[in-house]
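Undergrad: Now for the letters of each chain:
2 protein chains.
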Amino acid sequence: MNILYKKVALIGLGLIASSIGHGLKKNSLCETIIGYAKTKQSRQKSLELDIVDEVSSSAAKAVVDADLVIISTPVGVMGDIAREISPFLKPGATVTDVGSVKENVISLIKPHLPASVHFIPGHPVAGTERSGPEAGFAELFNNRWCLLTPLENTDEQALKNLIEMWSMIGARVETMDPKHHDLVLAVTSHSPHLIAYTMVGVADDLRRVTNSEVVNYSAAGFRDFTRIAASDPTMWRDVFLHNKEATLEILGRFTEELFSLQRAIRKSDGDFLHNYFTRTREIRRGIVDAGQDTDSPDFGRQVASKETNKK
Amino acid sequence: MNILYKKVALIGLGLIASSIGHGLKKNSLCETIIGYAKTKQSRQKSLELDIVDEVSSSAAKAVVDADLVIISTPVGVMGDIAREISPFLKPGATVTDVGSVKENVISLIKPHLPASVHFIPGHPVAGTERSGPEAGFAELFNNRWCLLTPLENTDEQALKNLIEMWSMIGARVETMDPKHHDLVLAVTSHSPHLIAYTMVGVADDLRRVTNSEVVNYSAAGFRDFTRIAASDPTMWRDVFLHNKEATLEILGRFTEELFSLQRAIRKSDGDFLHNYFTRTREIRRGIVDAGQDTDSPDFGRQVASKETNKK
Chain A
1 MNILYKKVAL IGLGLIASSI GHGLKKNSLC ETIIGYAKTK QSRQKSLELD
51 IVDEVSSSAA KAVVDADLVI ISTPVGVMGD IAREISPFLK PGATVTDVGS
101 VKENVISLIK PHLPASVHFI PGHPVAGTER SGPEAGFAEL FNNRWCLLTP
151 LENTDEQALK NLIEMWSMIG ARVETMDPKH HDLVLAVTSH SPHLIAYTMV
201 GVADDLRRVT NSEVVNYSAA GFRDFTRIAA SDPTMWRDVF LHNKEATLEI
251 LGRFTEELFS LQRAIRKSDG DFLHNYFTRT REIRRGIVDA GQDTDSPDFG
301 RQVASKETNK K
Chain B
1 MNILYKKVAL IGLGLIASSI GHGLKKNSLC ETIIGYAKTK QSRQKSLELD
51 IVDEVSSSAA KAVVDADLVI ISTPVGVMGD IAREISPFLK PGATVTDVGS
101 VKENVISLIK PHLPASVHFI PGHPVAGTER SGPEAGFAEL FNNRWCLLTP
151 LENTDEQALK NLIEMWSMIG ARVETMDPKH HDLVLAVTSH SPHLIAYTMV
201 GVADDLRRVT NSEVVNYSAA GFRDFTRIAA SDPTMWRDVF LHNKEATLEI
251 LGRFTEELFS LQRAIRKSDG DFLHNYFTRT REIRRGIVDA GQDTDSPDFG
301 RQVASKETNK K
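Residue numbers (our numbering), protein chains in the order written: chain A, 1 to 311; chain B, 1 to 311.
Rather than coming from a laboratory, the hints here were simulated on the basis of the structure.
Hints are supplied without guarantee of correctness; some may be wrong.
Identical copies look the same in the list; a pair holds intra-copy or inter-copy alike.
List of simulated lysine to aspartate or glutamate pairs, EDC-like, C-alpha gap at most 16 angstroms [stated by the list, open to error]: (1) K6 / E54; (2) K267 / E245; (3) K267 / E249; (4) K244 / D269; (5) K38 / E54; (6) K90 / D271; (7) K110 / E249; (8) K25 / E164; (9) K244 / E103.
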């Protein structure tokens, strides 16, 4: 037993919160977990799956007496949550969040919180395309990074405990400036998601013309895009609305690059294309070497061989 | 034993050809396979891996007496190959290819071939990001589609045999008009590849500024793009140069869509974004149901947990 927090409150019970719940329990890092989710269904499911020990039908009630409060709702409602829970927070408690955006989230949450609590914004860089409490699993954070963006004058012991908590459930922890976080994530996450959504949208339009061809012949590249374009719409709407500036900046650079490649195709500049494609090949090696993706071809995916009727 | 072709010549010994070789042998579909590749290393490797029974240092010599010739080189050299092998082809032989582009490839190959052979263009919609003879495996085509684009007056028996060959090594076969093929593949393969290359290129630029951050935090979406952007540069250069029109058309539609989403972000039009992301979520279900991707979260990828030093 290595109790870091006696009572933990999970506000929001989706993929990330439920994975934290499993991780806390597996490693016996707290005595009690109380959970709040907007829908009764999610609360029920979280109890059934033993992610939490009890549930509350309001966020305010859930945080009473909690030593650690983890806000894991979509970014867009975090401000409302902070306002609601604020009067009920235990003095000395740590409040953190798992939002994919940091600067804006800080400006939404911080003004509501009393000076008596330690607010340490965070973002575990992990996930799958699934959502809801049933999507969580204790190993989600293994070898993944959790970025904390502590504010000025953050209590050292509170920060140390939170780092310890994330480390114990598998993550590597790094601290970072919020603005810088938002730019880096615009590159590694937000822009790729928007681009995947866009490509799938284009194909979906064409699908209406050509029936199931887009689906049948997706193994040639397209299907990779559909995974991230299957991510939670509410979460992602909020990410884009709250990391507007950095995302639009990176998308601007993306469009510039895309135009230069389109121009090379139009002008049949094979050397330009070949050089470009050789350069991009190397970055994957770096990601595999850093333990951030599998080395197996095709992600090692195993596709069930099933009999499907020809159209 | 179910000998479809006595002697098969594989011209080019990369991922696709070597997978065909393994598939033919595993299913005993021919008596002899002879292989040709540009480099001695690839020829040697193909012998070692028992992909072929013998190798030839010229494409012309390899096709002598072959009943089936499969051209599996990058699309850009297929015309030269056709010109070279043409005088040595056995009358009545079937010549096919595996190029990802069909209309242009037909115009490159067809003029060189004698009327005495059956030319049936083809394209197995399968692959991984790996290249070379060591990348091939017999199961690559299992449950994947192979598109044939037969020309007018194609010999029925020759077509039947080729369909049988592809079916025996696991593929589902469909015939299609070459121009239509090129448009469908521009959506399901060529544009997604160019977009992935572009996004990785943008990140690579940024990596110079921010060191290894792009690599470390890639699990949030970006790493999916790096897989297809690790594909063979020569093959993909040729694909874009030879399917210029359809690719540029789809990229034009992509840019239009992307601008509409960028505009929604800039104007904070959350409803537009949410509706868009809900629509694209459905298409993945279709792909999984059609047996073209795994249902496991995160492609079921298993990332080795390794100790990597913090930067």
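Undergrad: Which of the listed hints are broken here?
TA: Hints 6 and 7 are the ones this structure does not satisfy, whereas the remaining hints hold.
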